[in-house]
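Colleague: Next come the chains, spelled out residue by residue.
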Amino acid sequence: MVRYDAIDALVAGARQEAELPPADRRRQLREALGLSRAQVARALGVGPSTVGGWENGRDPSGEVRDKYAYFLNSAREKLATLEATSPGSPQAEDDQPAASASSGPEPGPDDAEVEILHAARPCVLCGQPARHQVAGFPQHLDPAACTAAAAASARAPEPARAPEAERGQVRLRPGRQVQAGPEPDLIGDAVATALSQHGGDTEAATAALIKRAIPDAMHLLDVARKGGRYDVVAHPWLPDILRKPSARGSDQIWEARPKWARPALPAGLHQVTNLDINGAYLSALKTHLPIGQLEHSTGDVHDRRRAGVHLITPPVWEHEDVLPNPLGSREEPGPLWVTEPTLRLLLRLSGPKYQLCDRPQIIESFTSGATENLLEKFRLTLKEARDQALAEEDEVTLEYVKAMYAKFVSTMGESNYNRELYRPDWMHLIRSQAFANLWLKAHKAHEAGLEVVSVQGTDELHVIGDWRRVFTEGRAVTEVKVKDVYSLGQASADPAAAGDASD
Amino acid sequence: MPQRTIEFGKYGAAGIKGHLAVARQLDALVDYVTTPVTAPRGLHARLRYLTRTPHARAAARAAGLTVTDRTLKAWLGGARRPSRRNLGRIEDAYRTVRRHNVARYLLARLNRSGRGTRVEIHPLNQSGVDRPYQRVVEFRTLNVRRWDRIVDAWAAADDRALDDAWIQQIVDLGSQWGQYEYVTNVGFAA
Chain A
-4 MVRYDAIDAL VAGARQEAEL PPADRRRQLR EALGLSRAQV ARALGVGPST
46 VGGWENGRDP SGEVRDKYAY FLNSAREKLA TLEATSPGSP QAEDDQPAAS
96 ASSGPEPGPD DAEVEILHAA RPCVLCGQPA RHQVAGFPQH LDPAACTAAA
146 AASARAPEPA RAPEAERGQV RLRPGRQVQA GPEPDLIGDA VATALSQHGG
196 DTEAATAALI KRAIPDAMHL LDVARKGGRY DVVAHPWLPD ILRKPSARGS
246 DQIWEARPKW ARPALPAGLH QVTNLDINGA YLSALKTHLP IGQLEHSTGD
296 VHDRRRAGVH LITPPVWEHE DVLPNPLGSR EEPGPLWVTE PTLRLLLRLS
346 GPKYQLCDRP QIIESFTSGA TENLLEKFRL TLKEARDQAL AEEDEVTLEY
396 VKAMYAKFVS TMGESNYNRE LYRPDWMHLI RSQAFANLWL KAHKAHEAGL
446 EVVSVQGTDE LHVIGDWRRV FTEGRAVTEV KVKDVYSLGQ ASADPAAAGD
496 ASD
Chain B
53 MPQRTIEFGK YGAAGIKGHL AVARQLDALV DYVTTPVTAP RGLHARLRYL
103 TRTPHARAAA RAAGLTVTDR TLKAWLGGAR RPSRRNLGRI EDAYRTVRRH
153 NVARYLLARL NRSGRGTRVE IHPLNQSGVD RPYQRVVEFR TLNVRRWDRI
203 VDAWAAADDR ALDDAWIQQI VDLGSQWGQY EYVTNVGFAA
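So the sequences go chain by chain: A and B. Take the first sequence: its position 375, counted from the start at 1, is 370 in the working numbering, and no numbers get skipped. Take the second sequence: its position 59, counted from the start at 1, is 111 in the working numbering, and no numbers get skipped.
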């Protein structure tokens, strides 16, 4: 049986579709009100890209079309009233006829979209009391009112809106003003909270922040991996070489920590500069880290897409008098377990460009597919916070960031202070990367004609000569800091030679 | 049960039962006396732990250290050395009592007032399996919210109950859970 009544109801229900202005006009209207696509989309219950599509010629249909038409009409009327209050604006003329021709309903208190609030509630955009709400969100309908209210309040205005407050007129600025879903500033929030808890006492706040640096770093890592391609595997199976034999013992990995002093100095008295590499471990977070479980392989094959630890027969190092051995101060002969950064450094030095040593022989390896980007967002977040703290001379944040990355690296292995992450392999790799970076800096100085006197630990480089030609002085991670300047060597009997050397 | 592995290792796969890996990880989270019981220092530390209070003495007795107070006193004072068999008993009793004492706090940390703990399950090692028999078994993670049965079984050193409690949790992995009966490692923090 054919249900004619249903068809009748359907035909009766069909309505005239609401009229919409042309596509470019839609965009103009939105931008003239200073609304972002995301804001409009949220109010209409669609995605921001959908609104973008409508502004580029696509047409909505159904209920959303009515809503959108209503938004555009309201926007037009709003603009018309605003232009009327600020004469001299070029928009006023071409908006007036459009507003009078519009067929949309007047905004009133009984509307679903824009409601007038009888008691002022804080605006979702600026936090100041507002008397309107759109789709349940109390807000100022006019961004200028938002700005004015914010500027008038004791709270410092956000930097994005500050120029408007200075202009102080009702000219509406096009473009987006509110970022949709900004990322939380974990570091800034933590520092602000600690400072307010300790009543502005910077020392107490710093101590409190350093105490919570490890869990905070782990939380930051979690947040930084959101949407990431790879999971951070925190508790993989580990080969025995990576396990500590006892509580005090160490595993079998050789991290190649440099501890080198030049055996013989050139004659004369020298001014030695002790340079400090800034944030060595922070920069070393960018290294090829194995993602998954380490797999065993044998044979002298190096796969650049994998990373891990390798048992190698090290090459002979013949430049001990001018440059440190990239393997550090290893006295024991024979094969040793090194990490990926050390092996890559050795392979590079044995390559055609450097030709400083023979190729190391790989005997066996524990590797896994690797990526350099695993900790990249984490590193960048910390680096940006550090840069900002340096620019603002904010010692609390600086100490906090330093504690975060330093403790993150030192406790990511078998530490009881951080049980969330159990990756001794990563710890060794990151440390070795820091040592390899330092070695490369020493090599750069040597190539530039400076005399490298000593390479110690993670970040210490002692050089003779005009190092400012090679390195930039500063506190950024790409720059170096002078720790100390001292004299070394015997002043020769010839006063002219001594004068030359001390320059 | 069709999901359980019948002949594990027939084609060369390597791994351990999931519940053994869980027990291993729980043991790793507990701090035991590190010095072995055979060293005088380790023996003394264990005996002191087991005899410090009347409650501890009762717990040690319940855990199988059924020697007289006179003997305990002689061991503690160093007048006598326990026999090898008794050393084994002391070690067992110590681990049982320690697990029992720690269980309450470990449980609270693992349950995290209902939020649970994220567990990583590392699949079995197929490197010894012929290529045609190898299967794709992925690394999986699971949030275990209720640890009560697992921790109870572990504290009581009840292997079978621990196995049951663990299987009950990994069933949540979906229809593939049988592939995770044997694992290389189970990792979680507390």
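Hints listed in this document are in silico derivations from the structure and should not be mistaken for laboratory results. Glycine included, every Cβ here is placed at the ideal spot set by N, Cα and C. A couple of the hints might just be wrong.
Claimed, not checked - Heads up, incomplete: computed chain B residues facing chain A, CB under 8 Å, no partners named: (1) 174; (2) 179; (3) 237.
As the list claims (entries may be wrong) - To give a feel for the contact side, a few chain B residues facing chain A, derived at Cβ under 8 Å: (4) 86; (5) 168; (6) 191; (7) 229; (8) 233; (9) 236; (10) 241; (11) 242.
Colleague: For each hint, tell me whether it holds in the structure or not.
Modeller: Each hint, compared with the structure:
1. 174: holds, 5 Å
2. 179: holds, 7 Å
3. 237: holds, 4 Å
4. 86: holds, 5 Å
5. 168: violated, 14 Å
6. 191: holds, 6 Å
7. 229: violated, 19 Å
8. 233: At about 16 Å, which exceeds the 8 Å cut-off, the nearest Cβ of chain A leaves the hint on residue 233 (chain B) violated.
9. 236: Result: holds, 4 Å to nearest chain A Cβ.
10. 241: holds, 4 Å
11. 242: holds, 7 Å
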